[in-house]
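Student: So the chains spell out like this:
Protein chains: 2
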Amino acid sequence: MPDSRPVTLQDVQDAAARIEGVAHRTPVLRSRTLDELAGAQVFVKCENFQRVGAFKFRGAYNAVSRLSAEQLAKGIAAYSSGNHAQAVALAARELGTTAVIVMPQDAPRSKVEATAAYGAEIVTYDRYTGDRVAIGETLAADRGLAIVPPYEHPHVIAGQGTAALELIEEVGDLDTLVVPVGGGGLIAGSATAAKGLLPGIRVIGVEPEAGDDTLRSLEAGRRVSIPVPRTIADGQAADIPGELTFSINRRLLDGIALVGDDRIRDAMRFAFERMKIVLEPSGASGLAALLAHRIDPAGPAPRRIGVVLSGGNISAERFAELVGG
Amino acid sequence: MPDSRPVTLQDVQDAAARIEGVAHRTPVLRSRTLDELAGAQVFVKCENFQRVGAFKFRGAYNAVSRLSAEQLAKGIAAYSSGNHAQAVALAARELGTTAVIVMPQDAPRSKVEATAAYGAEIVTYDRYTGDRVAIGETLAADRGLAIVPPYEHPHVIAGQGTAALELIEEVGDLDTLVVPVGGGGLIAGSATAAKGLLPGIRVIGVEPEAGDDTLRSLEAGRRVSIPVPRTIADGQAADIPGELTFSINRRLLDGIALVGDDRIRDAMRFAFERMKIVLEPSGASGLAALLAHRIDPAGPAPRRIGVVLSGGNISAERFAELVGG
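Chains as they are written, first to last, in the working numbering: chain R, 169 to 493; chain E, 169 to 493.
Just chain R, with the same shape it has in the complex (with noise of 0.2 Å):
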C-alpha cells in the first residue's frame, strides 16, 4: 500500500540530498548559560546562518529543483514581503531560472533591494487595496510561471524539514524539538524528520501570543482564523494555518507555547549577549519558549532539547529599536 500522507521522512530525506553542497548545513551551537537556565541540554539548530539569512532557502530551493525543464525555462513566481522572497530569488539564480516576486509597494527597502540582487524581477502592489495571491495567480497565468508558495507545497515542506534531519543527525537522540509557527510549514516538515527518526519525540511549536492561530485550531479540531496578529515577530504573523500544513501538524505536534514580544525581546537580547548570534524575533521565538519555561511545563521534564533558530534578519537599527534602544 502506497504512504497515503503528504510528506514522509523518505520525502525529506531526498530533500537533503537535493539541497546538499547549495544549503549550507548551519551549525548547531551550544551555551552552557542556557543549559543552565532551561535545565537541559539544549541543543541550537542556526537557520539564521542559513543562506539568505533562513531556513526559507531550504524549501524553496528543494521546491524549485523538482520542476520541469520547460517550467525552468518559463520560470517561477512568488509573493512574499520576507524571507521566502529572497529564498526564491536565489533558488531561481541557483537553478538558471528566472524569478517574478510580487511584494508591496512599502515592503522595506533592503529587503527588496536584496531580493532584486538575486536577479529576481519585482512586481510591487499596494496592500491595501490589492489581493497578492490574485495578483501572483494572475500574473502567473499570464506568463505560464509555478508559483512557489510559502508553506502549502509537499516539496517545501519537505525541504524546511531538513533543517530538523541534519540537527538529529548530528546530536543523535533528541526528547523533545522547539520549532517555530507560523504558516506551519517549517514545523510539519521538521515534526515529520524528527518522529520519522524518533518515534518518541516530543514536537513542540511556538506562537506569539498575538498570532495563536495554530494553538486555536489544534484545539478547535479544525482551521481557526484569527485577526491579523499584532506582533514584533513578523515572520510569525499569520492569521491562519495553511490547510497541508495544518493536516500534518494536526497529527504531529504535541503542543504549543505561547511567547509574547516582550519574552521575544529578551531571547533576542540573550542570543546577542551570550550565545554573540543574531536572530530576527520570529528566530528567537523558540529561544523565548525555553528561556521563559513554556514547553509544555505539565509535560516530562525535557532532558535533550531541539530548538531551531529559523532566520537573523534585521537590521542593525531594528535591532536597536527592539532591544537596544
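Just so you know, the hints here were simulated from the structure itself, not pulled from any lab data. Note that the Cβ used here is the ideal one computed from N, Cα and C, for glycine as well. A hint or two may mislead.
Claimed, not checked - If you want the footprint, here are the derived chain R segments under chain E, 3+ residues with CB under 8 Å: (1) 216-223; (2) 307-316.
Claimed, not checked - FRET-style restraints, in silico, Cβ to Cβ: (3) GLN181/E <-> GLY189/R: 50 to 58 Å; (4) GLU338/R <-> GLU387/E: 44 to 52 Å; (5) ALA469/E <-> TYR296/R: 50 to 58 Å; (6) ARG193/E <-> ALA285/R: 33 to 41 Å; (7) THR201/E <-> PRO276/R: 12 to 20 Å; (8) VAL339/R <-> GLU305/E: 40 to 48 Å; (9) TYR296/R <-> ASP430/E: 54 to 62 Å.
With chain R's structure known, arrange chain E on it following the hints.
Tutor: Coordinates of chain E only, in the frame set by chain R:
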C-alpha cells in the same frame, strides 16, 4: 641544540592538547558576500563563540593548567578590566583554584559581575590614582599568588596560538592570516602556529589607527610607546607592545594594516547584518581591514585568507550606540 625561541609550534600543539574539551573548538564560518567583497576565499575563525566570549580563555587556561599543585592551592591573580579578567576567573574555577582580579572601580558593571559570577574575588582600585600592576604585584606577593599576565608569558602566548592552529587544521592551506593586535599575544601565538605549519604564509596584524604602537615599533626596530590610544577598539588600546610578544612579532609578522573606528563600525554592521554574528570592536578589526582592502595592498593578491575574529563581548546598548543608533 635546544630551540631557543620562547614559543614554538610544539608549545602551541601542547597547549591545544591541554585545552581540548575545556575550551570550545570554535566554528569557522564562510560568507559568499565576504568572499566577493574581499576577492578571495575567506575563512573566519569565530573566537566570539569561545568561552567567556573571546580568545583569552585559551591562553589563561593553558597558563593556569601548568602551575604546580602547590601554586594552585595558593591561588592566582590578574589585573584586567576586559576579557582577560573573565578568562582567568573561569580558568581558575575549571582548575579548582581561586582567582583575585584587580579591576578599576569604574569598570563596566556587566564585566565585574561576569567575573564575579565565575567565582573570582574582585579587588578594585582608582585608575586615576592607582597603579594596577603595583597593586596586583603587591597583592600577589602578600598572598603568595601566581600572576597570570594578559600576554607577556610563553604559556599565554602558546594558548592563544591554538586559535590559528585549529583554523589551519580545519581549512588547510592559507596564503594569508589576519589577526588583531593589542598587546600582541594572540598574533604572536598565531603566527608561531601558522608559520610552523605553513612556512610560506603571510601573517598580517591589524591595529586601530589610533593605536599603532606595534606598527611604529616594527618600523623603528624597537618597542615604541605612544599616547594612550583613543579608539572604540578597547581590547586593542595598547600604548606599547609587550617585550616578549614584540620579540616574537618582529621576527614573524609580514605587515600591519591600520583601520579607523568608522571602518570598525562598518565591519561590526557587516558581521551583524550579513553574517549574523556579534563582534565587539576589537573583534571586528580584522574583518574591517579585509573589507577596506588594507591587507598588504602592495603584496601578492591573496587567494585564501584566514581571519581571526577575537571576541564578541558587547552589550546590546553599546552596540546600538556604536552601530545601530
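Student: Which earlier hints turn out false for this structure, listed by number in ascending order?
Tutor: Structure breaks hints 2, 3, 9.
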